[in-house]
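J.: Residues per chain, in single letters:
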Amino acid sequence: MPLLTEDRRNFLIGFVMGVGLGFFFDLFLSLLSAGLTILGPQRFLGLQIVIIWLTYRVYGIGQWIASAPAILYFRRTQRPALARGLLAEAALVTVVNFLLWFYSWAQQDSFPHLLR
Amino acid sequence: MTAPPTPAKPTKGSIFVGILLGAGLTALAPIIAGPLLQLLIAGPNWVLAHVRHEPAYATPLYDAVFTMSMGTILYIGLIQWIYILPVGRHFLRRRETRTATGLLILALLVLATNAACWIYLPHALNLSNWRF
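Taken in sequence, the protein lines are chains F and Z. The first sequence runs contiguously to residue 116 in my numbering. The second sequence runs contiguously to residue 132 in my numbering.
By construction, these hints were calculated from the structure, which means they are not laboratory data. There could be a bad hint or two in this list.
Said to hold, decoys possible - Sample of chain F residues with no beta-carbon within 10 Å of chain Z, all distances over it, derived:
#, residue
1, Phe44
2, Leu72
3, Leu82
4, Arg84
As the list claims (entries may be wrong) - Computed, partial: chain F to chain Z, Cβ under 7 Å:
#, residue
5, Ile13
6, Val16
7, Val19
8, Leu21
9, Phe23
10, Phe24
11, Ala34
12, Ile51
Just so you know, these numbers come straight off a predicted model, no measurement behind them. Virtual Cβ for every residue (Gly too), placed ideally from N, Cα, C.
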């Protein structure tokens, strides 16, 4: 049995796609935030703080806005291995993000050191 | 009498998958390239030192990893072809032409953005006299 079966290959593609999806998610929201600054430096401050949190501090939760529809799309179009790859990547990022928060809590600090 | 339903065409990949895969590879490239290139340089040095029973001089690991990751980011428009071409050829061999097209679209987008950054950013940051 080959090491890289069709299923594993598609899982790997899905995993890398998850990284790309997160990359685009961050990029577009950052551009949106920059656009809001151009529209009015103080007018959309609340929204910009929410965007920064979603793409940075609580990225592990924020990324599901992009990941969840993509996972559902690939499940619906009969490509379960791609969906599983995306799910694995998103879950990994969520766990890492949670661990950073846990680390900062253990250090008795208000924000994750490594996300500062 | 109705015509028999035409069988669905077998999908040969998808442009969406190609674009997202390319974006993922582009995001991973500097993360992988830094330690990998560092290993290629520091690894033989370390082995040689131990074979010759000499002290393995401390290599500025962080600086090298940082420099090489940064280099990959700065020249991503050129460096990306190292992985885009083999991956694209893999999909072409499997007749997944749409996925290969998506990869190519993303690669050209990255190339154009990288070129635009090289043209625009030094002027915007008033660094026109800098040499990288």
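J.: Are the hints correct? Go through all of them and say.
T.: The hints, checked one at a time:
no.: 1; hint: Phe44; verdict: 23 Å, holds
no.: 2; hint: Leu72; verdict: 14 Å, holds
no.: 3; hint: Leu82; verdict: 7 Å, violated
no.: 4; hint: Arg84; verdict: 14 Å, holds
no.: 5; hint: Ile13; verdict: 6 Å, holds
no.: 6; hint: Val16; verdict: 4 Å, holds
no.: 7; hint: Val19; verdict: 4 Å, holds
no.: 8; hint: Leu21; verdict: 6 Å, holds
no.: 9; hint: Phe23; verdict: 4 Å, holds
no.: 10; hint: Phe24; verdict: 6 Å, holds
no.: 11; hint: Ala34; verdict: 14 Å, violated
no.: 12; hint: Ile51; verdict: 19 Å, violated
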